Amino acid sequence: MKNRYALRKTIFTAAFLLVFIFSGLSFYRSRHLREPVVAGDGLLEVRKLSHYFPGLKGSINDASVYLLGKGTSSSGEGAALVLGGAHPEEPAGRLAAWLLVENARVEAGRLFVILTANPSASTSTRPGGAYPPDYEIPTPWGRQKFRQGDRWSNPLDQWPDPEVYIHYPSRQQLAYMDIRNQNRTWPGRPDGTMTEKTCYAMTQLIIKEKIDLVIDLHEAELQYPVINTIVAHQKGEDLAALASMMISSEEGFNIGVEYSPVALRGLSHREIGDHTPAIPLLLETPEPFLDATRGKTDRALLLTGRDEFVMKAGRHGLLFEKLDENGWPIEVRVGRHLSSIIQIFKVWTELHPDRPIQMENVPRYAEVIANGVGYYLKNPDGAPAGRLFYE
Amino acid sequence: MAAFITFLYYLMVAFFSACFIWNFRRSKNWQTEVLYLIVLLPFLLRLFRLK
Ligand SMILES: [Zn+2]
Chain A
1 MKNRYALRKT IFTAAFLLVF IFSGLSFYRS RHLREPVVAG DGLLEVRKLS HYFPGLKGSI
61 NDASVYLLGK GTSSSGEGAA LVLGGAHPEE PAGRLAAWLL VENARVEAGR LFVILTANPS
121 ASTSTRPGGA YPPDYEIPTP WGRQKFRQGD RWSNPLDQWP DPEVYIHYPS RQQLAYMDIR
181 NQNRTWPGRP DGTMTEKTCY AMTQLIIKEK IDLVIDLHEA ELQYPVINTI VAHQKGEDLA
241 ALASMMISSE EGFNIGVEYS PVALRGLSHR EIGDHTPAIP LLLETPEPFL DATRGKTDRA
301 LLLTGRDEFV MKAGRHGLLF EKLDENGWPI EVRVGRHLSS IIQIFKVWTE LHPDRPIQME
361 NVPRYAEVIA NGVGYYLKNP DGAPAGRLFY E
Chain B
1 MAAFITFLYY LMVAFFSACF IWNFRRSKNW QTEVLYLIVL LPFLLRLFRL K
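Sequence lines, in order, name chains A and B.
Heads up: the first sequence begins at 1 in the working numbering, then just goes up one per residue.
Heads up: the second sequence begins at 1 in the working numbering, then just goes up one per residue.
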C-alpha cells in the first residue's frame with residue numbers, strides 16, 4: 001500500500017515539474033525576449049531615462065530614449081517627444097514609434113522617441129485574458145517578434161497595490177491597479193512607485209529638453225467612447241483641430257478631436273500640459289483585441305482586428321466605431337498614427353516657424369496599408385555598426 | 001515601505017508553498033494531492049519571479 005502511494009506521488013510530482021518547468025520557461029522567455037531596433041540615418045544618440053532622473057538607474061523602467069535630428073540641431077529649434085508603449089498591449093503605438101526611429105530623417109528640430117515608455121508593462125501579459133505572449137510582423141527578410149505586453153506594470157516589478165490609488169499631486173482617488181498604469185501616474189514624483197518615477201523622468205526630459213510637443217500613442221477598444229481621435233490639452237486645441245482637418249483632406253481618413261477633461265487626473269494629455277511648457281496630444285486607434293466581448297484572443301485578432309463577437313456588439317449599437325469583415329488591421333492602425341504625427345508636425349511648424357519640427361521618409365497611412373508594417377522594419381542582421389539596439 | 005511589504009509577501013508565498021508541499025506528502029487521497037499541486041503552481045511561479 002505504502003509503495004503504491006509513493007509511486008503515485010512520484011508520478012504526480014514528475015507531471016507537476018514538467019508543467020512548472022515548461023510554463024516557467026515560457027514566462028521567462030517572453031519576459032526576456034529582446035526586440036531589435038535598427039535606427040535609421042536620423043539617429044543622433046540613444047540615452048536612458050536615468051539621464052534625466054538618476055533615481056531610475058538600475059530599474060527595468062530605465063527606458064531608452066532615441067534622439068533623432070541633424071548634426072546641427074539645436075535647442076533653438078522645435079522639439080517633440082513621441083511615446084510608444086505607455087500601454088504596450090496597444091501594439092500600433094509601439095510599432096509606429098519603431099517605424100519612426102528606423103526611417104525618419106529629421107530636417108529641422110529634434111525628435112525624441114521612446115519605443116517602450118513602460119518597459120515593465122511590456123514584460124507581462126494577462127493569462128487570465130488569454131493573451132498570447134508575443135506576436136510577429138512579417139517583413140521582406142523574415143519575421144520580427146515583439147512582446148505582447150499588458151496595460152499595467154508587471155507586479156514582479158511593482159508590488160503591492162494600495163486599496164485605493166491616490167494620484168499625486170491632485171489627491172484624486174483612482175482604481176487600485178491604476179497605480180501601475182502609466183497613463184494615470186503623470187506627472188510622476190521622484191520618491192513614488194516605479195511607474196510614478198518613470199513619468200517623473202519623462203517630465204524632467206520634457207522640461208530639460210524644452211520639448212514643445214508630446215505625442216502619446218495609444219489604442220482603444222471599440223466599446224470605449226474615446227476612439228479614433230486626438231485627445232488634446234486645452235493648450236493644443238487649435239493645433240489638434242487644424243491637424244484633424246489636414247488629416248481628413250490629405251491623408252485619406254478621418255480623425256476626431258476631443259478635449260482633455262480637467263477633472264480626469266494622471267493622464268498624459270492633462271498633466272504634461274499642466275506641469276510642463278509642452279503641449280500634449282494623445283492619439284487613439286481602434287483595437288478590437290481589447291474589447292471585452294471579443295472571441296478567441298489570439299495573435300491573429302491582435303493583428304487583423306477582425307472579430308465576429310465584437311461585430312455582433314456593433315449590430316446591437318454598442319460600439320463607438322464601426323467594425324466590419326475588414327476588421328482593423330495593424331497596417332491601418334500604424335498608418336493612422338504615422339500620418340497623424342506627420343500632419344501634427346506640419347501644422348505645428350506652420351504655426352511656429354521659429355520652432356520648426358520637420359521630418360522626411362516616414363511612411364504615411366496609404367503607404368503602410370499598401371506595403372505592410374514589416375516592409376519598413378529593417379533587418380537587424382544587416383544593421384550598420386552602432387545602429388542596432390534592443391528593447 | 002513597499003520593499004518591506006514585498007519581502008513579507010515573498011516570505012508568505014514561501015510559507016504557503018511549503019505548506020502545500022507538506023500536505024501533498026501527507027495526503028492519502030489522489031484528488032487532494034492533485035489539488036495541492038494545482039494550487040502550488042502559481043505560488044512557485046511567483047516565488048521564483050517567473051510570473
Ligand atoms: Zn492606452
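Treat the hints as calculated values from the structure; they're not laboratory data.
Take the hints with a grain of salt, since some may be wrong.
Claimed, not checked - Dumping the calculated DSSO-like pairs for lysine-lysine here, alpha-carbon to alpha-carbon at most 30 Å:
#, chain 1, residue 1, chain 2, residue 2
1, B, Lys-28, A, Lys-145
2, A, Lys-70, A, Lys-322
3, A, Lys-235, A, Lys-208
4, A, Lys-208, A, Lys-312
5, A, Lys-322, A, Lys-312
6, A, Lys-296, B, Lys-28
Small disclaimer: the values here were computed from a predicted structure and weren't measured.
Going through the hints against the structure:
1. Of the supplied pair hints, the one linking B:Lys-28 and A:Lys-145 is violated, its CA atoms being roughly 47 Å apart against a limit of 30 Å.
2. A C-alpha spacing of about 41 Å is found between A:Lys-70 and A:Lys-322, which places the hinted pair above 30 Å, so the restraint is violated.
3. Restraint check: the Cα-Cα separation between A:Lys-235 and A:Lys-208 comes to about 20 Å, which is no more than 30 Å; the hinted pair holds.
4. The hinted pair formed by A:Lys-208 and A:Lys-312 fails the criterion: a straight-line CA distance of about 49 Å is larger than 30 Å.
5. With a CA separation close to 11 Å, the supplied pair A:Lys-322 and A:Lys-312 stays within the 30 Å bound.
6. The suggested pairing of A:Lys-296 with B:Lys-28 is violated, with an alpha-carbon distance near 40 Å, which exceeds 30 Å.
Against the hints set out earlier in the document, violations occur for numbers 1, 2, 4 and 6.
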